[in-house]
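In my numbering, the protein residues as written are 1 to 136.
What the hints contain is simulated information worked out from the structure, not anything from laboratory work. You may find that some hints are simply not true.
For lysine to aspartate or glutamate, the following DMTMM-like pairs were computed, each having C-alpha atoms within a straight-line distance of at most 20 Å [what the hints assert, rightly or not]: (1) K131 to E116; (2) K66 to E49; (3) K131 to D25; (4) K54 to E78; (5) K91 to D25; (6) K129 to D31; (7) K129 to D82; (8) K66 to D84.
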Amino acid sequence: MKNVSKLFIVALLAAPALVGCGSTDPVQVTDAQNLNAQVEGLGDAAGDEESFSKAFVTGAAPENRKDYGARGFQVVGEATVDGDSATVPVKIFGGVYSTSGKDGGRKKPSDATETEQVWTLQRNGDVWKIKDAPLG
Numbered sequence: 001m002k003n004v005s006k007l008f009i010v011a012l013l014a015a016p017a018l019v020g021c022g023s024t025d026p027v028q029v030t031d032a033q034n035l036n037a038q039v040e041g042l043g044d045a046a047g048d049e050e051s052f053s054k055a056f057v058t059g060a061a062p063e064n065r066k067d068y069g070a071r072g073f074q075v076v077g078e079a080t081v082d083g084d085s086a087t088v089p090v091k092i093f094g095g096v097y098s099t100s101g102k103d104g105g106r107k108k109p110s111d112a113t114e115t116e117q118v119w120t121l122q123r124n125g126d127v128w129k130i131k132d133a134p135l136g
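Kindly generate the complete structure, drawing on both the sequences and the hints.
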């Protein structure tokens, strides 16, 4: 037991060296990370009307929010960025539990078929928002 205590103390003393001093610089999010987060988080955002609307540029949110909540979205290639516009290849698939049901979700996974579409996003300040997201 004595060896365990000594090992614990050594680990505590070594931890700052292993972790580092830290940095005061803020973490910079890349365009690719931001684009991926917007696309892949849309199914969850569809669970709430306000969150869903905020994921899109003003006036672009589709009326069929519940259809988006019953699907999953995955970026399946490289985004093409041209100034403040980007196109992203997206795999759309079923088999997910809906986030937009009356009780907060569906009791069984959706049976939507898998497809691929190209979505368009637009830079809004430092954030990318979805401009066009066809389900196919």
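Quiz item: If you draw a straight line from the CA of K91 to the CA of D25, is it 20 Å or shorter?
Solution: violated (35 Å)
Quiz item: Can the restraint linking K129 and D31 be considered satisfied, given a maximum Cα separation of 20 Å?
Solution: Satisfied, since the Cα-Cα distance of roughly 11 Å is no more than 20 Å.
Quiz prompt | Restraint status (C-alpha distance of K66 to E49 at most 20 Å) | solution = Holds: K66 and E49 sit about 9 Å apart, inside 20 Å.
Exercise. With a cut-off of 20 Å on the C-alpha distance, tell me whether K131 and E116 pass.
Key: holds (17 Å)
Self-check item: Restraint check for K131 with D25, where alpha carbons must lie at most 20 Å apart
Solution: violated (31 Å)
Quiz item: Under the criterion that the straight-line Cα-Cα distance not exceed 20 Å, is the pair K66, D84 satisfied?
Solution: Distance of about 28 Å is beyond 20 Å: violated.
Quiz item: Under the criterion that the straight-line Cα-Cα distance not exceed 20 Å, is the pair K129, D82 satisfied?
Solution: Since the Cα atoms of K129 and D82 sit roughly 14 Å apart, the hinted pair holds (cutoff 20 Å).
Quiz item: Would the pair K54 and E78 pass a check requiring their Cα atoms to be no farther apart than 20 Å?
Solution: violated (24 Å)
Hint compliance for this structure: hints 3, 4, 5 and 8 are broken, all remaining hints hold.
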